[in-house]
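Chains as they are written, first to last, in my numbering: chain A, 1 to 410; chain B, 1 to 235.
A few of these clues could be false.
With a straight-line cut-off of 27 Å between C-alpha atoms, the simulated DSSO-like cross-links for lysine-lysine are [claimed, not checked]:
hint	chain 1	residue 1	chain 2	residue 2
1	A	Lys389	A	Lys373
2	B	Lys159	A	Lys373
3	A	Lys365	A	Lys58
4	B	Lys28	A	Lys163
5	A	Lys298	A	Lys258
6	B	Lys159	B	Lys20
7	A	Lys180	A	Lys104
8	B	Lys28	B	Lys208
9	A	Lys389	B	Lys159
10	B	Lys208	B	Lys229
11	A	Lys177	B	Lys208
12	A	Lys64	A	Lys163
13	B	Lys159	B	Lys8
14	A	Lys104	B	Lys229
15	B	Lys159	A	Lys326
16	B	Lys159	B	Lys170
17	A	Lys104	A	Lys177
18	B	Lys170	A	Lys373
19	A	Lys180	B	Lys229
20	B	Lys8	A	Lys177
21	A	Lys258	A	Lys365
22	B	Lys170	A	Lys389
23	A	Lys163	A	Lys177
24	A	Lys365	A	Lys326
25	B	Lys170	A	Lys104
Worth flagging that the hints you see were computed from the coordinates, not collected in a lab.
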Amino acid sequence: MHGDGKQAEGIPRKERVFQRDPDLPLPEDIRERVFELEEEGEWIVQRVPEPYVEVPTKYGRPKKVPLQHTWHHKSCGQCGHIPGYSTAIFWLHRKLGLAYDDPKDQTSCTGWNYYASATSNAAAQAAVAVRNFAAAYATGFFPLIHCGTSYGHYKEVREELVKHAELRRQVREILAKLGKPLVMPEEIVHYSEWVYAVRHEIAARRIYDCSAITVTVHPACHYYKLVQGDAIYDPDIYGGQRTAVVTAVATALGAQVKDYSTWFDCCGFGFRHILVQRDFTRSFAVGRKIETMIEEAKPDVVLTHDTGCVTTLDKSQFAAQVHNRKVGVPVMSEAQFAALAMGAHPYRVCQLHWHAADYRPLLEKMGIDWREKWQEFEEDLERIRRGEKEYLTWEDVEAEIPARHFLQVS
Amino acid sequence: MALHAPPKLERYADVPYEEKERLFQEVKSDPRFPDYLYGCYECGICVAACPSARFYDFSPRKIAQTLAREDVELFYYQLNEDIWNCSQCFSCNRCPRQNSPGGLITIMREVAVRNGLRSAKEALEGYSRVIYKIMVTGTQVSPDMIQADAFPDWGPVAKETADNLELWRKALPPETMHTTTTAWEVSEQTLTELYLIWHMTGVMDMIKEVDEGLHMILMDVMEELLEEKGYALAE
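Based on the sequences and whatever the hints tell you, model everything.
Okay, here's the thing in structure tokens:
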């Protein structure tokens with residue numbers, strides 16, 4: 001809220017456009033050192049496969065985002081508690097005909113536990129990261145990170161491995177015992193960066209009109225506050241002054257993205273707090289984020305791009321009703337929203353029945369008949385109950401990908 | 001924001017100074033320490049950004065100041081009273097000096113766990129099932145953790161999810177996600193490698209310091225798979 005009592009309106013636009021001074025040297029780019037270490041024999045650098053898109057980052061360095069042949073590094077909290085989030089990411093790839101791998105040879109990044117409990121250390125965290133990178137390298141597919149925490153954590157791990165030779169030596173020895181080489185990807189890529197890269201392809205396949213949908217965006221702390229230079233900043237989005245992911249695809253879909261005064265605030269996830277000290281999490285999420293969004297922007301949906309943020313903002317609203325707090329806005333990932341806009345089934349794909357805050361008004365406003373869709377999903381459930389089919393499949397959700405493109409590697 | 005009372009340093013007067021100094025040096029000697037602390041000029045930008053500072057008697061500025069000034073007494077107090085309030089969001093990384101109070105706290109927490117401080121054990125009470133889940137299964141949370149009695153504040157969706165869990169998990173198109181006890185299906189070879197990482201990096205020793213009972217259970221589970229795969233753990 002502005003000091004004059006007026007509500008904030010839309011994304012701030014400035015008349016002056018920020019232009020980089022071309023003579024000013026860019027800050028050090030860690031990827032140069034990553035390649036130097038490969039030349040020194042320290043590790044193998046897995047290159048970003050073609051085709052890729054170059055995207056702009058905070059200090060001007062272009063970043064390569066692979067379009068396909070990606071090894072999907074899944075998120076515990078997404079797959080476990082908000083499975084429509086992971087499913088929507090896969091569905092978007094299938095709808096765009098882009099090959100990917102959904103591996104079983106993948107561990108959690110273990111970042112949630114690390115930031116919650118510290119029952120780990122730098123060597124273990126680095127070893128877990130590079131074990132996953134080596135697993136991806138063995139398939140020839142390039143890692144695409146689903147979770148914001150994993151992404152920020154792996155950026156940190158990359159910094160530590162680049163800076164500390166002793167840590168590299170330690171994890172190299174561990175990997176050797178596992179029969180794996182030490183591999184560092186050329187880029188560490190978050191799925192929301194892939195969504196940014198293909199946002200116009202997504203928008204071109206939009207079925208439902210989003211022009212009447214008001215969106216507020218919550219950017220994940222671990223996406224842009226950790227290793228700050230490695231995050232997408234686009235001069236056409238927020239004048240390059242805020243990270244562009246999520247907002248970019250919402251805008252491309254024609255939704256109205258509205259600003260609010262606590263945009264930069266954390267959601268209140270807290271890692272340990274969301275599990276065992278939730279009074280803090282829900283107080284912060286409701287008091288600083290949800291109520292502010294509702295009061296200042298009146299969103300139809302809150303979009304974000306991280307597991308913890310979706311969990312926190314979605315699940316914190318129920319208890320606040322007891323205290324007559326102003327809550328009641330649906331929360332989902334931009335992947336789920338994009339998938340809905342493209343015609344994905346709200347239950348078979350976006351799995352909205354796992355969400356706590358009521359999403360039905362949003363679906364109605366988009367023109368999606370949720371009653372009919374729920375009926376279809378209940379019929380799916382009944383077929384599974386009766387034993388007519390064991391699982392819901394990709395064929396059932398009509399997200400075809402040519403068989404030759406789909407590679408399932410254990 | 002509440003007025004902050006001065007820290008009650010006398011609470012730890014019976015702990016020998018040498019012990020406090022030893023723990024301080026353990027933090028300071030971590031290879032990441034110089035990456036996280038360059039010097040603090042007390043601007044308070046970190047406090048303004050910090051979610052925990054709004055609800056707890058907590059200040060990332062004070063963490064950075066204490067370590068920069070090498071105030072061992074105040075460091076020991078913070079090690080026991082403050083570090084578990086941090087949200088680990090790294091909003092404090094907007095520090096104009098490029099300090100990372102959140103990163104300093106990560107190191108302090110590891111030291112607290114490694115040394116089995118009672119405050120660390122208390123902070124992690126009620127969290128042990130999550131440690132078990134990640135150590136043993138390779139994913140940190142699982143669908144079957146959503147139970148109405150565990151998450152009553154999440155609303156009726158918690159009960160509805162628990163009541164329909166197995167069916168709803170079968171109604172997921174991704175083939176790796178038909179699980180209930182793990183977030184996705186993790187291969188046995190992958191788990192073996194994860195167990196070896198925990199052992200080779202000293203993580204099991206850390207867990208033993210904060211929860212001996214959990215440590216025993218973890219060792220039993222891990223040893224069984226590792227022996228099956230032909231790995232013998234050193235005594």
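Does the structure break any of the earlier hints, and which numbers would those be?
3, 6, 13, 20
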